[in-house]
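The primary structure of each chain is shown beneath.
Protein chains: 2
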Amino acid sequence: MKLVINRQSKVPLAQQIHQAIADRILSGHLERGARLPSVRQLAKMLQVSPVTVVHALDLLEAEGLITRVHGKGTFVYEEHAKTDQTTERQKTFPVVDYLYRSQYWQYQKSEVPIDFAQSVVHPSLLPTQALADSIRRLIREEPDVLVQYGEIQGDLALRQALARYISGERITASAHEILVTNGSQQAIDLVARSFVGPQDVVVTEEPTYTAAIDAFRSRGATVLSVPVDEHGMRIDELTGLLDRCTPKLIYTIPSFHNPTGSVMSVKRRRELIDIASEVNCLVLEDDPWSEIHFDEPPPPHLKSMDETGNVIYIKGLGKILSPGCRIGFLIATGPVLERLVAAKTNADLGNPLLNQRVILPLFENGSIRESLRRLRETLRERRNLTLRVLERHAPDGVTWKIPKGGFNVWVSLPEGANANELMAEAEKVGIRFLPGSACDPNQIQWRHLRISFSPTTEADLEQGLTTLCHVMERYLSLLVNKKGKSPLF
Amino acid sequence: MKLVINRQSKVPLAQQIHQAIADRILSGHLERGARLPSVRQLAKMLQVSPVTVVHALDLLEAEGLITRVHGKGTFVYEEHAKTDQTTERQKTFPVVDYLYRSQYWQYQKSEVPIDFAQSVVHPSLLPTQALADSIRRLIREEPDVLVQYGEIQGDLALRQALARYISGERITASAHEILVTNGSQQAIDLVARSFVGPQDVVVTEEPTYTAAIDAFRSRGATVLSVPVDEHGMRIDELTGLLDRCTPKLIYTIPSFHNPTGSVMSVKRRRELIDIASEVNCLVLEDDPWSEIHFDEPPPPHLKSMDETGNVIYIKGLGKILSPGCRIGFLIATGPVLERLVAAKTNADLGNPLLNQRVILPLFENGSIRESLRRLRETLRERRNLTLRVLERHAPDGVTWKIPKGGFNVWVSLPEGANANELMAEAEKVGIRFLPGSACDPNQIQWRHLRISFSPTTEADLEQGLTTLCHVMERYLSLLVNKKGKSPLF
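For the protein sequence lines, the chains are P and G, in the order given.
All residue numbers for the first sequence refer to UniProt numbering, where the first residue is 1 and numbers rise by one.
All residue numbers for the second sequence refer to UniProt numbering, where the first residue is 1 and numbers rise by one.
There could be a bad hint or two in this list.
One copy or two, it doesn't matter: identical chains are merged, so the pair holds either way.
Stated by the list, open to error - Capping the alpha-carbon separation at 25 angstroms, the derived lysine to any residue pairs in SDA-like fashion look like this:
id, residue 1, residue 2
1, 44, 245
2, 267, 51
3, 401, 381
4, 482, 160
5, 401, 74
No lab work stands behind these hints, which were simulated from the structure alone.
Next comes chain P alone, as it looks inside the complex:
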């Protein structure tokens, strides 16, 4: 176990140690029942006082992540890890690793009948026919794409088509400023590995996208967060935070924020751009689904306002076009782009050519726009259905935000409730959602949950969500009876 703490950070050491150990437990890197090093060992390893370690362990114990057994030691709580079939020899394999956090995959490990946890689109809503036609033509006319490598930066024809597409989104970028990636996750990860390290601070929204937290924390960075309200990231809170530290990077999902669905106002977008330029930090603008707007399009992208090259724009096409091809891209300029292309080279030498050529015609003939229009309309109906079911069946005290776009609705349970406990109950009836704690760098959004209305059939959405409301009702009524219960794991 290698824990990284940052003495330059304004985050108290005990809190950093707590976070580092919690990361490992919740990522499954520390086995259930595993024994932690002693207070003295941890203090020595981290070069902090034993009092600091004890304080960190107190926090972990309060969350139920560890148990202390008098005279025996401190152990990872038994319910927090997976069953394990490896041998004892393998379990104790004494190789230090550098992966500090990877929680996202814990939510992907098994299948449930009705899965509202993943922000993906039900296959029936995607342009299967157009993609199939494209691939048939491609194999007939250019079968050699199967046996040729593409360019590391991405197929030039596709980059040209993406540049044209994105100009329709008011971003001016040449094909040479585009890097094709293996989904948006790789784009986030390339930025993290190129520009984020153990001494750095990354600012995210709170809550935010789970796998982005994983990517930044895996680099050993300190992740600080700024709350989101209905107009997006709270810039007043951001400036307050900037008095205490200078971030290397600010990660934001300004349009139909994941998971809350809110939209950053034009004013705040301008302020964010100005701040980034002033303190000279990078802004990573993640745009998973700005095309999926239910009332009106969101304000201009941050990248379209960027005059200094501070903004890196990323977009995944898996969710909205073809998960089977899994293509994303980023836009950056100058040395920032060069570093990212070099990082892509080290990471995998480039995306497969086949997939890039499969989606190309949809951009060249513009059918992507029509496909997105249909997706938008269907998801608007899904959003409305979701709101209707919640209004009708959600128990008292449960609230939600009305998303103006995107794939998700962010639901809040009453004070004292815990979405992780609710999830355990929901899984018993074959339903899953994403607990809010997964979306929070500090794992404190215990009473919130994200429900995606895109991945299931419409019938499953209606039926599953109704059932989930009943599970909520039962869970909350039991909670009232067990008064005084800690709202933790």
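Once you have looked at the hints, place chain G on chain P.
Coordinates of chain G only, in the frame set by chain P:
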């Protein structure tokens, strides 16, 4: 510019600083003509004595990588970087990055008529027809693969087929021990990011695969190397090195070593396995083309001898089956595998499903074996042609190793010659090869070059190689006339 040095390392500090700056220059991260920080600034930044910095700069100057201008400062040598179109504002973008080395892409940036630099296979030698048939059937029967995500660890059906395939290679692995990656490069990179960090030592062969050096050095590791002879990695040299340090990982290409083509003997394989188990370090066994043997199959894979879980086996299928699908995989067990799956999640959430299903039938119906048999026979003829041309046209003093498998021949120029200078001459007539310096962690293999006989047509191989021999002859005769010239850049 952020330079990382390792005070625990046995490598002298001056040499580490030299290496760190050389990496950045040769990777193109330091612009031509860029001014380096002053001796005093570097000494302060790195917390070393100015004498140490001066020694490092002496080494860089001797190699022609920097020039010192009296009263003005130290500058990156003008011929070592690309033309650049970014603005001054962007050039000086003051964001520290963490990518210490990525040289491989420097050799991929432009196209030449005859490219012997890339160990890829000419499209005509790959099973285009079988792949095209597979994709047509797939799209007819399961069009939904275009609009579905696969498992993060890789499509289960493919992993099962790969487990069966690899059992034919005498490696026993279940589908659950296989992780599908975006080519073998991603497999190397996932291992590097999971287990290698700035305080670690990685041992490679010398010479070795360029992009592997990039991946390890990008993690800030100290890369030490062990020479290779006709029986593979010199285990006596390895044990000598182990007296001085304990590596975290040993990276090896035991079968038809890249770039020299040598084969590690059974005895040395056993010794390596025993050593890794004793000092408890990981062994990364890269197997790009063990199926392409010209005389006899290589000895059993290291992974097949591994009883402790120390060995991670990786295999790319791009080179030998379908570059357009770019699929690779790795085999590992227990917590090592778990870390790698988590790293894959953070890296990109999994390979595209489409490509995995395209190659699946070739493994299921066994036609991959037949395809590899044909490739082996063609490449044996190519190897023989290469040797014939070299014997007939290579100038006196030029030598080469006879490869027993794989895609490359390793050629050595006489003492005093420099393969980088030769490459500049060859590029004038539209021919490229890989200079040996790219394959060496210490960039000292100046007089060697790797010629791949797989990427061109047979006619281009014969004609291009003949021309290259004439270029060599002219270059070497000029060199004799310019006696006393430094054999450096």
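Going through the hints against the structure:
Taking the closest pair of Cα atoms, residue 44 and residue 245 come within 25 angstroms of each other only across two copies (23 angstroms); inside a single copy the shortest separation is 27 angstroms, beyond that limit. Taking the closest pair of Cα atoms, residue 267 and residue 51 never come within 25 angstroms of each other, the shortest separation being 45 angstroms inside a single copy and 53 angstroms across copies. In the homo-oligomer, the alpha carbons of residue 401 and residue 381 lie at most 25 angstroms apart inside one protomer (16 angstroms), although the nearest pairing across protomers, at 68 angstroms, exceeds that limit. In the homo-oligomer, the alpha carbons of residue 482 and residue 160 never lie at most 25 angstroms apart, since the shortest distance is 61 angstroms inside one protomer and 48 angstroms across protomers.
Taking the shortest Cα distances, residue 401 and residue 74 never come within 25 angstroms of each other, neither inside one copy (40 angstroms) nor across copies (59 angstroms).
Taken one by one, the earlier hints fail for this structure at numbers 2, 4 and 5, listed in ascending order.
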